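**Student:** Sequence:
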Amino acid sequence: MAAGGSGDVFDILKDAGSPETVAAQRATQKAHDEEISVKAQRRAAETIQGHSSQPVYFDSITVLGAPRTRRSFLEKLVKPALDRSDQGDFTLKDALRELSKTINGLQHFEIFNPNIPFYIDTPSNYKYDPKTPNNPIPLSAIINVKEKSRILVKSGTDLGNTEGSAYLQGSLRNVFGGAEFLHISASKGTRTRSAYDATFTTPINSSPLAAIELKGLSTARDNSHSSHTELSRGFIGTVRWATPAYKLKQSISYEGLWRTLTELHDDASDSVRRDCGDSMKSAISHLLTRDTRDNPILPSSGTLLRLRNSIAGIGPLKGTVAHWKSEAETALAYPLFKGITVSSSVRGGILYPLASGDSGQKPSTIADRFHIGGANDVRGFQTGGLGPHSGKDSLGGDAYVAGSLGLLFPFPRVGTDSGLRLQAFINGGRLLALEKPPGVQDMNVAQGMKYTVSRLLTEAPSLAAGVGIVYGHPVARFELNFCLPIAVRGTYGEEGAERARKGLQFGVGVEFA
Numbered sequence: 001m002a003a004g005g006s007g008d009v010f011d012i013l014k015d016a017g018s019p020e021t022v023a024a025q026r027a028t029q030k031a032h033d034e035e036i037s038v039k040a041q042r043r044a045a046e047t048i049q050g051h052s053s054q055p056v057y058f059d060s061i062t063v064l065g066a067p068r069t070r071r072s073f074l075e076k077l078v079k080p081a082l083d084r085s086d087q088g089d090f091t092l093k094d095a096l097r098e099l100s101k102t103i104n105g106l107q108h109f110e111i112f113n114p115n116i117p118f119y120i121d122t123p124s125n126y127k128y129d130p131k132t133p134n135n136p137i138p139l140s141a142i143i144n145v146k147e148k149s150r151i152l153v154k155s156g157t158d159l160g161n162t163e164g165s166a167y168l169q170g171s172l173r174n175v176f177g178g179a180e181f182l183h184i185s186a187s188k189g190t191r192t193r194s195a196y197d198a199t200f201t202t203p204i205n206s207s208p209l210a211a212i213e214l215k216g217l218s219t220a221r222d223n224s225h226s227s228h229t230e231l232s233r234g235f236i237g238t239v240r241w242a243t244p245a246y247k248l249k250q251s252i253s254y255e256g257l258w259r260t261l262t263e264l265h266d267d268a269s270d271s272v273r274r275d276c277g278d279s280m281k282s283a284i285s286h287l288l289t290r291d292t293r294d295n296p297i298l299p300s301s302g303t304l305l306r307l308r309n310s311i312a313g314i315g316p317l318k319g320t321v322a323h324w325k326s327e328a329e330t331a332l333a334y335p336l337f338k339g340i341t342v343s344s345s346v347r348g349g350i351l352y353p354l355a356s357g358d359s360g361q362k363p364s365t366i367a368d369r370f371h372i373g374g375a376n377d378v379r380g381f382q383t384g385g386l387g388p389h390s391g392k393d394s395l396g397g398d399a400y401v402a403g404s405l406g407l408l409f410p411f412p413r414v415g416t417d418s419g420l421r422l423q424a425f426i427n428g429g430r431l432l433a434l435e436k437p438p439g440v441q442d443m444n445v446a447q448g449m450k451y452t453v454s455r456l457l458t459e460a461p462s463l464a465a466g467v468g469i470v471y472g473h474p475v476a477r478f479e480l481n482f483c484l485p486i487a488v489r490g491t492y493g494e495e496g497a498e499r500a501r502k503g504l505q506f507g508v509g510v511e512f513a
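Everything in the sequence shown is counted per full-length UniProt numbering, starting at 1 for the first residue and increasing by one.
Note that these hints are calculated values from the structure, not bench results.
These numbers were taken from a predicted model, which means no experiment stands behind them.
Zero decoy hints are in this set.
No more than 20 Å apart at the CA atoms, straight line, and that leaves these computed lysine to any residue pairs for SDA-like:
id, residue 1, residue 2
1, K325, L305
2, K101, P117
3, K325, R308
4, K76, A211
5, K188, G156
6, K436, Y451
Have a look at the derived ranges for each label pair, beta carbon to beta carbon:
id, residue 1, residue 2, range
7, T262, V510, 24 to 30 Å
8, F200, I469, 38 to 44 Å
9, R71, S124, 20 to 26 Å
10, R455, Y246, 32 to 38 Å
11, K93, K318, 54 to 60 Å
C-beta: ideal position from N, C-alpha, C; glycine also.
Whole structure, please, built from the sequences with the hints as guidance.
**Tutor:** Rendered as structure tokens:
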């Protein structure tokens with residue numbers, strides 16, 4: 001009997017370590033944790049219903065399960081809730097709202113698992129006095145987090161505007177215990193032939209709404225529409241912040257880039273050859289975005305406003321290029337009927353040469369000018385197909401305006417909740433190089449820009465229309481359109497003619513004009 005009993009014990013011990021047993025134990029533990037969480041939420045709901053207007057204050061807020069996160073970082077996150085409770089006129093409903101904001105902040109940094117339970121109770125030494133029912137009740141809140149793995153390595157494919165790429169990325173989370181991230185990545189793509197970068201990001205004052213980003217990069221981009229490859233090496237430093245009340249996001253950046261235009265095609269035009277070689281860009285830029293669209297990839301309602309301004313090469317910025325570059329973009333999506341949406345967009349920009357140091361104002365270079373046209377941009381034209389050309393090369397321009405108007409329809413026999421749509425559109429644009437007015441011998445930049453902008457606003461744009469199929473995937477938007485150019489400057493093959501595209505055109509990306 002003893003031997004048999006001993007065998008049973010060893011069998012039990014052996015089974016306890018088997019993968020099936022471990023998996024069953026984990027499933028049981030997970031179910032138990034979920035049951036506790038549900039009960040806690042139920043108790044909280046019952047408490048709110050009966051005592052939502054009860055005056056309270058936070059005696060303490062404790063964050064558990066974060067051994068690799070700095071105490072000072074967590075204290076700054078919970079401080080707004082503690083300060084709000086000390087201002088008076090603070091009820092249980094307010095307390096839960098402030099705790100929810102704190103948890104949203106913890107989730108935003110992506111260093112904790114997204115499911116963050118919390119518990120509220122009174123301190124162990126608190127005794128309720130029925131004689132003073134209106135006195136604020138002290139609360140002790142416990143937020144139970146679980147830190148994510150510190151190291152993440154992943155590979156895969158990515159879809160950007162007019163290109164696809166394969167990447168390998170390594171990330172180090174919570175580097176110094178304050179939600180800092182270090183990302184290192186390498187990628188190969190169809191247009192960005194190679195890209196290597198290292199990015200360090202840290203929140204400002206533990207805020208989920210503001211951050212500093214430092215980035216070193218090296219890229220090689222295939223600009224076949226202008227018969228060259230552009231190499232960029234350098235540094236970009238960015239400060240980002242958001243104002244949720246106004247749905248605003250802003251950033252200020254400094255970029256110092258060493259750029260090389262190289263690997264010229266055998267048939268590259270003289271205009272492209274003149275701009276080849278090295279240039280140094282040292283610029284400060286500001287970006288403001290207000291986006292109220294319900295879905296940035298396939299919107300059915302909402303608006304977008306984006307303003308971008310940069311100054312390069314003046315004063316202490318130095319560098320070999322000097323200019324002010326400004327762009328504005330606005331877009332609207334409006335639901336007409338169930339599943340039918342009208343969308344429109346208008347955008348424009350100018351590139352204004354500036355004097356740098358002892359040198360005067362220099363003409364802009366092909367690397368800084370605007371290039372418009374393409375499946376994600378002005379449909380019915382090739383990439384960089386609008387504006388000044390030399391032979392087959394897009395030279396870019398110093399001022400442009402573009403716009404589109406479209407209708408999205410539900411795909412037959414597919415529900416409106418699907419990302420599949422039919423579309424009809426008309427779009428167009430005008431891109432001009434800085435020119436001197438007729439009859440003027442010695443042009444200054446101000447005169448030339450005034451004349452160029454007046455032409456931009458008075459001359460008819462190049463136009464194209466079409467119909468197609470759209471699929472809005474959470475990762476990217478796919479379009480297959482049949483395009484018909486309506487108005488194109490020049491005839492195909494002529495010197496300086498724009499390059500339209502008649503027939504099928506496929507586009508994939510996260511942004512479409």
